[in-house]
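*Asks:* What follows is each chain in one-letter form.
Protein chains: 2
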Amino acid sequence: MKLTILGCHSATPRWHAHPTAQVLEVQGHLFLIDCGEGTQVQLRRFKLKFSRIKHIFISHLHGDHFYGLIGLISTFRLLGREADMHIYGPEGIKEAITLQLKLGKSWTNFNLFFHELSSNEPQLIFEDSKVSVTTIPLNHRVYTNGFLIQEKPGERKLNIDAAVKAKVDKSYFQKLKQGFNVENRDGTEIENSQVTLDPDPPRSYAYCSDTVYAPQIIPQIKHVTALYHESTFLKMHQHLCEPTKHSTAAEAASIAKQAEVGTLILGHYSGRYGDLELFRSEAQEIFTAVELAEDGKEFFF
Amino acid sequence: MKLTILGCHSATPRWHAHPTAQVLEVQGHLFLIDCGEGTQVQLRRFKLKFSRIKHIFISHLHGDHFYGLIGLISTFRLLGREADMHIYGPEGIKEAITLQLKLGKSWTNFNLFFHELSSNEPQLIFEDSKVSVTTIPLNHRVYTNGFLIQEKPGERKLNIDAAVKAKVDKSYFQKLKQGFNVENRDGTEIENSQVTLDPDPPRSYAYCSDTVYAPQIIPQIKHVTALYHESTFLKMHQHLCEPTKHSTAAEAASIAKQAEVGTLILGHYSGRYGDLELFRSEAQEIFTAVELAEDGKEFFF
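From first to last, the protein sequence lines stand for chains A and B. Residue numbers for the first sequence follow this note's numbering, beginning at 1 and rising by one. Residue numbers for the second sequence follow this note's numbering, beginning at 1001 and rising by one.
FYI, nobody ran anything at the bench for these hints, they're computed from the structure. Mixed in with the good hints, there may be bad ones.
[What the hints assert, rightly or not] Cross-link-like lysine-lysine pairs, in silico, BS3-like; alpha carbons within 27 Å at most:
no., chain 1, residue 1, chain 2, residue 2
1, B, Lys-1105, A, Lys-245
2, B, Lys-1094, A, Lys-102
3, B, Lys-1102, A, Lys-245
For clarity, every value in this text was computed on a predicted model and none was experimentally measured.
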């Protein structure tokens, strides 16, 4: 998976601090997750192929996660897009977007499918043969979901040298990848594990923003390869978390530790802190594998 | 008047080419005219005092003139604004903005007054003792208005030396500024013009974007100090003007010439041209006093 952070700052956009948007490249998909104002400019700036985006996931309808969506859709229209676009987000998202398209007499010439979310339970919202996306219900001031993107287990890897040596005919290679034992040219049964290797372990990514400390999500995100968890505040502003329904870096780290995730990526920083390294050091008191999101930064996992 | 161009490019925003927004400073007001995506970032970048904006004029509801408005309003809310805000724009603007505020449970803590426009005749939409704003009905793909901002004639300027010499008592100075003759301490009538100077001529600014060539506006904008007129295309793409309802640089210059304006400012450039000087040279074949809008450029007139 490759994650590109287009913006990772909370609240109001500034020239060098963009509100939330990120692109996850996984199994041939470009998933856009959240879409704050200016996202389309950031997509161009970091040379992501617009046209490959077919699924957009919106966590909640606060401006810093959502106000760039109408502009992005309009730009797709101006660029002559024809491919279907699927948008997943809270109830109301369809009305907000379609009203603005209607007012500008700017209906899209591509199909726009809205998948409106209102459940408070995890929901499978996208699935194909290689990957699935499930909502992670969060606890914020408005109805909010995180998203869990999971690869499915891949096929076993063929050890070609071993298979040739064991006299397995090429026509059986697909069966081997699927995990079956096969007969070789001499009629001998060949144990699958002798000529194949384990597939890469499926990777998974959990996006959790915005939310107050929500330990109820831990079972769902257990052992994910990477967790993006908001850390709007540092502990010194703990008292702001409950009224604003945001988390501290320490709380994000506590979630990461309890869920035994591979890597924790922090983001959604309040603009009040000068030095983002403060978030890392606060989190690392609890959990070691901490990365800081930055606009334009790429993560491979 | 001081005009700051925040963005002057058509269609999709790019990192160094922002959609339409501009600020006119006139008689103590900061008028924001149009508000494409990213306008709030441009306001910060060019250090314009957000909080002094109390009137926002939206020409039409295409994204490149309007999609930044909801984000700007939300930011005013986050900054704790208390002052009233007046928004002038086509019918539907209120629903589009209030729906998004409602979805985010983000009602403003300041008063938001919408003045929805639907007339096809010029309308006086703002007036105080020093300045007025009137709509300029334009011809675009959706309902669109330009805006004519006019200073009112100021008071006569007191020539203090002359007034003292003529033995006019201070208590008469206000009457002199208002143009009256007064009696001096000796009881002699003093001719107003002997002790005052003409006021600065009132300045005026016409904003005309977006529109196809629309000569019917000429009487209304006659002799304005500065005219901002869209020039989406060059003549070589004249055939695109009618279907898209846009103008060429030559057409903008023709309007400027017929209206005998002081300065023509071109903008709303299509992204297809590499060199903006082409717009200037095309226009200058018809009208000499041509300026090119550029993001961040200031005009004083």
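*Asks:* None of the hints should be skipped; say for each whether it holds.
*Replies:* Tested hints:
For the hint linking Lys-1105(B) to Lys-245(A), the alpha-carbon distance of about 14 Å falls within 27 Å, and the restraint holds. With a C-alpha separation of about 14 Å, the suggested pairing of Lys-1094(B) with Lys-102(A) holds against the 27 Å cut-off. Between the alpha carbons of Lys-1102(B) and Lys-245(A) the distance comes to roughly 18 Å, so the proposed pair stays at or under 27 Å and holds.
The structure shown violates none of the earlier numbered hints.
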